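Full structure from sequences and hints, please.
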Amino acid sequence: MTDLGSATAGSSPHPATTFATRVLLVEDDEGDAFLVRELLLDAGSDVTIQRVRSLAEASLELPGEHDCVLLGLGLPDANGLEALGVVLGAAPNIAVLVLTGLADEHRGIEAVAAGAQDYLVKGTIDGQLLARAIRYAVERKRADESVRRLYASELRAAENSRLERGLLPEPVVLSGDVEATTRYRPGRHQSLLGGDFYDLVETDDGTVYAVIGDVAGHGPDEAALGVCLRIAWRTLVLAGVEPEAILPGMDAVLVGERDSDETFATVSMVRVAPDRRSARFWQAGHPLPLLLRGDDTVGRLPDDAAGVALGVVPGTEWTAAEVDLAVGTRVLLFTDGLIEGLDGRGGRGRLGESGLEALLAELLVGSTSARLAGSLLARVQELNGGELTDDVALLLVSWGQPSR
Amino acid sequence: MDLSLSTRTEGDSTVVEVGGEIDVYTAPRLREQLVDLVADGKYHLIVDMERVDFLDSTGLGVLVGGLKRVRAHDGSLRLVCTQERILKIFRITGLTKVFPISDSVAEAVAATD
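Just so you know, the sequences run in chain order R and P. Count the first sequence with the working numbering and you get residues 1 to 404, in order. Count the second sequence with the working numbering and you get residues 1 to 113, in order.
Don't take every hint at face value.
[Said to hold, decoys possible] Some residues of chain R that are not near chain P, with every Cβ distance over 12 Å (derived): (1) I109; (2) V147; (3) R149; (4) G176; (5) D214; (6) A216; (7) T368.
[Stated by the list, open to error] If you want the footprint, here are the derived chain P segments under chain R, 3+ residues with CB under 8 Å: (8) 64-78; (9) 90-96; (10) 101-107.
Please keep in mind that the hints were generated in silico from the structure rather than gathered at the bench. All values derive from a computational prediction rather than experimental measurement. Just so you know, even glycine gets a beta-carbon here, dropped at the ideal spot from N, CA and C.
And the structure:
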């Protein structure tokens with residue numbers, strides 16, 4: 001049995017709209033309960049009290065809208081501190097004040113050690129003191145809670161920045177002429193990064209290798225796997241492994257490191273020759289890169305360049321598509337987040353690759369790589385009518401003169 | 001948009017008709033369906049995707065996982081799809097080389113038998 005809010009004091013003419021402190025009083029002794037009410041009324045404090053007589057009744061009310069629990073330790077259905085454990089278990093974010101008698105003040109101290117904000121000895125408190133104790137307890141608990149939340153969000157931010165460094169590294173560029181313009185935007189509602197990654201390495205002989213990839217799924221496991229694959233890729237390139245062996249190497253790493261058979265990754269890799277006149281493209285289930293030509297037209301790779309994603313068919317080999325490059329060509333590598341957004345025509349239609357090509361044709365004219373990357377992302381998001389659901393990564397590779 | 005699933009038997013095959021969007025939120029239901037069928041001894045599956053509006057990488061992963069499961073029992077997983085939008089996703093990801101894709105359930109059933 002409970003009686004609701006029967007003691008409301010305070011001077012506000014509109015009690016319903018004020019933020020009175022809501023107290024759940026758990027006390028089976030009628031005299032003590034009466035006293036607590038009277039004290040608070042006397043003090044004129046802005047407190048509403050809901051009273052229950054047992055731990056079982058209290059459990060039904062928690063977690064509720066209360067700011068504070070005043071907990072008597074002599075309940076019929078709980079033994080001393082046991083009640084405190086149950087209350088904090090049901091409502092970990094609530095401030096608990098324990099009421100003790102003169103004879104068992106030591107239990108108040110134990111209660112504070114066990115998570116209560118404070119204890120009050122019945123018979124020694126007046127209304128002002130009680131009101132203040134409640135107010136302080138609630139404020140202290142709130143402060144504790146915000147410190148805890150801050151800590152959690154700091155941890156998450158640190159985790160994100162660690163993963164971000166792993167997934168989206170600084171490119172290795174030796175000559176001044178190679179430029180890697182990168183953008184990454186996490187999807188909506190994602191507190192952690194997804195598994196999109198990219199990298200670019202220019203080797204000693206002036207060859208430029210670039211890669212972009214996406215581990216299917218979204219979460220810390222996928223992001224960590226993305227880091228593995230990105231580092232595997234860079235290691236294979238720096239070690240001078242034949243380009244044909246790079247995707248099979250990444251495939252082996254993926255299969256060894258993933259924790260589910262369903263996990264696969266899509267990768268697109270390009271190798272631009274030192275004379276910058278030709279490039280080879282390897283495709284493992286990834287959207288095909290686009291060639292942005294010097295005359296502001298957009299070129300596609302041949303459709304048959306598409307190979308199977310990593311981690312799907314054991315023993316897959318990937319063959320390259322060789323493409324001649326006109327002077328001034330740039331290569332745009334991207335993840336599918338860029339083309340999975342809505343096309344802005346009001347239906348459920350997606351932008352798709354043809355939509356992307358049309359956008360590029362519009363934005364390409366006279367644009368520097370940095371401006372193009374920025375305006376492209378902005379337009380895609382605008383057409384989608386808000387932030388994109390999935391992560392987007394893009395890597396725009398450009399170069400000036402041949403390196404030798 | 002939600003995912004709809006229904007299954008029926010045709011010849012030696014079990015047809016799973018899928019509708020709506022297969023994405024990170026709905027894919028677990030498709031996975032569960034495929035796992036249940038394999039656990040039930042149904043190793044020849046036809047996934048009818050004609051009414052699928054959207055398919056993302058998680059959905060693809062579930063189909064790939066399903067294929068691995070039936071292959072472990074010498075079974076098969078065929079897809080039915082004529083929608084260019086969805087076919088394109090299979091082409092991009094190279095999965096047209098992994099999944100047999102038919103134009104109709106009848107064709108897929110005939111190919112299974």
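Hint check:
Separation of I109/R from chain P is adequate, the least Cβ-Cβ distance of about 50 Å exceeding the 12 Å criterion. With a least beta-carbon separation of about 33 Å from chain P, V147/R lies farther than 12 Å from that chain, consistent with its non-interface assignment. Residue placement check: R149/R keeps its beta carbon more than 12 Å from all beta carbons of chain P (closest about 26 Å). A cut-off of 12 Å between C-beta atoms confirms that G176/R is not in contact with chain P; the least separation is 35 Å.
The beta carbon of D214/R is not kept farther than 12 Å from every beta carbon of chain P, the shortest such distance being approximately 7 Å. Not every beta carbon of chain P lies more than 12 Å from that of A216/R, the smallest distance being close to 4 Å; the non-interface claim is violated. The claim that T368/R lies off the interface holds: its Cβ sits roughly 29 Å from the closest Cβ of chain P, which is beyond the 12 Å cut-off. For a cut-off of 8 Å, the count of residues in the region 64-78 of chain P with a CB near a CB of chain R stands at 3, and the three-residue condition holds.
With a cut-off of 8 Å between beta carbons, the region 90-96 of chain P has 5 residues touching chain R; three or more are needed, and the interface restraint holds. Restraint check on the region 101-107 of chain P versus chain R: 0 residues with Cβ-Cβ distances below 8 Å, three needed, restraint violated.
Taken one by one, the earlier hints fail for this structure at numbers 5, 6 and 10, listed in ascending order.
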